[in-house]
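Student: The residues making up each chain are set out below.
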Amino acid sequence: MPILTCTHSGITVTDLARAKRFYMEGLGFRTAGADESHTIDADGEYGQLVSKLLEFDVPFKADIEFLNRDGMTIELVAYATPEPVPGVRRPANVCGITHLVFEVDDVDATAAKLAELGGSVLEHTKIVGQFRGTERKIVFCLDPDGGAKLELQQAL
Amino acid sequence: MTVTAYTHLSITVSDLEAARRYYVDGLGFKQVTETGRVSGELGEKAAQLLELDEFDGRTTKLERDGQILALWEYAKPAPVTGTRQPMNLCGPSHLCFLVQDIDEVARTLEALGGTTLHGTRISTDLPDGKPRTYMLCLAPDAAVRIELIETDGLPNT
Numbered sequence: 000m001p002i003l004t005c006t007h008s009g010i011t012v013t014d015l016a017r018a019k020r021f022y023m024e025g026l027g028f029r030t031a032g033a034d035e036s037h038t039i040d041a042d043g044e045y046g047q048l049v050s051k052l053l054e055f056d057v058p059f060k061a062d063i064e065f066l067n068r069d070g071m072t073i074e075l076v077a078y079a080t081p082e083p084v085p086g087v088r089r090p091a092n093v094c095g096i097t098h099l100v101f102e103v104d105d106v107d108a109t110a111a112k113l114a115e116l117g118g119s120v121l122e123h124t125k126i127v128g129q130f131r132g133t134e135r136k137i138v139f140c141l142d143p144d145g146g147a148k149l150e151l152q153q154a155l
Numbered sequence: 000m001t002v003t004a005y006t007h008l009s010i011t012v013s014d015l016e017a018a019r020r021y022y023v024d025g026l027g028f029k030q031v032t033e034t035g036r037v038s039g040e041l042g043e044k045a046a047q048l049l050e051l052d053e054f055d056g057r058t059t060k061l062e063r064d065g066q067i068l069a070l071w072e073y074a075k076p077a078p079v080t081g082t083r084q085p086m087n088l089c090g091p092s093h094l095c096f097l098v099q100d101i102d103e104v105a106r107t108l109e110a111l112g113g114t115t116l117h118g119t120r121i122s123t124d125l126p127d128g129k130p131r132t133y134m135l136c137l138a139p140d141a142a143v144r145i146e147l148i149e150t151d152g153l154p155n156t
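Quick mapping for you: the protein sequence lines, in order, are chains H and Y.
Residue numbers for the first sequence follow numbering that gives the first Met the number 0, so the first one is 0 and each next one is one higher.
Residue numbers for the second sequence follow numbering that gives the first Met the number 0, so the first one is 0 and each next one is one higher.
No wet-lab data here; the hints were simulated from the structure.
If a hint is listed, it holds; no wrong ones were tucked in.
Stretch-level coverage of chain Y by chain H, calculated; a stretch enters the list once three of its residues show a Cβ under 8 Å from a Cβ in chain H:
{"hint": "1", "segment": "46-56"}
{"hint": "2", "segment": "62-74"}
{"hint": "3", "segment": "86-94"}
{"hint": "4", "segment": "112-124"}
{"hint": "5", "segment": "131-143"}
For each residue, glycine too, the CB sits at the ideal point set by N, CA and C.
Chain H extracted, bound-state conformation (with noise of 0.2 Å):
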């Protein structure tokens, strides 16, 4: 198989800081390593490479960020240009990647330290139900730039 590795999926953010305080603080990630958090410099011609590679027209900056937990990481990117585009919430049904899924004990309280860090918590989406043989808790919370929804699910 010519596949090496899965290394990662990308979040775009609008702050790095506030994204990393999020994720790490409200969600448990760390830090994938010192060398990982890196700028790129739409001066340089790196940013004007990736710009081409991610379909852009204007050279590319961004401070970006690996963190990582249970095996799996995720890249923040916070652009500076182009100028990031505030999330929006798409119907479940449209194709793509949707959410990121996270066991917790207590939904409640999670979901509350997660508002604490800058997210949203639907309230609305709050169920309960048989799910896998049992009984669970769900609800979906979306990241402070609004654009990932974040699924925290409980077992009872």
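Fit chain Y to the given chain H structure using the hints.
Tutor: Then chain Y, alone, in the frame of chain H:
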């Protein structure tokens, strides 16, 4: 208050079998759960959770290198085939893979229903002097960006 685990990333697809072939045969994932269906009373609960009027769908989970994907095929409501969002739109943007031969992998993915964005191909030398080639592809449904990075080994990236 503890977040005990990050369990998976969820992806909506229009054809579960086509998507499973793409991620398994093309990108080396392994199917780790049987395909299950959510409908009826459970579907009503799921619809509330997903902010939909109704829900009937099938799902299966795939894994490779610790990354777990849940593919969801919608029957009700009908899936909306995606268009790729700009990378600077806040939210999940792509999945990234290191590969040995970027063109071979891109051809394989195309044969499995994907699209190669040839115009995105770039090559550069890393600070360690090693050459690297990047290119973006789209999974079936044209909604999920797949970033391929050609490298001659498993580096620290």
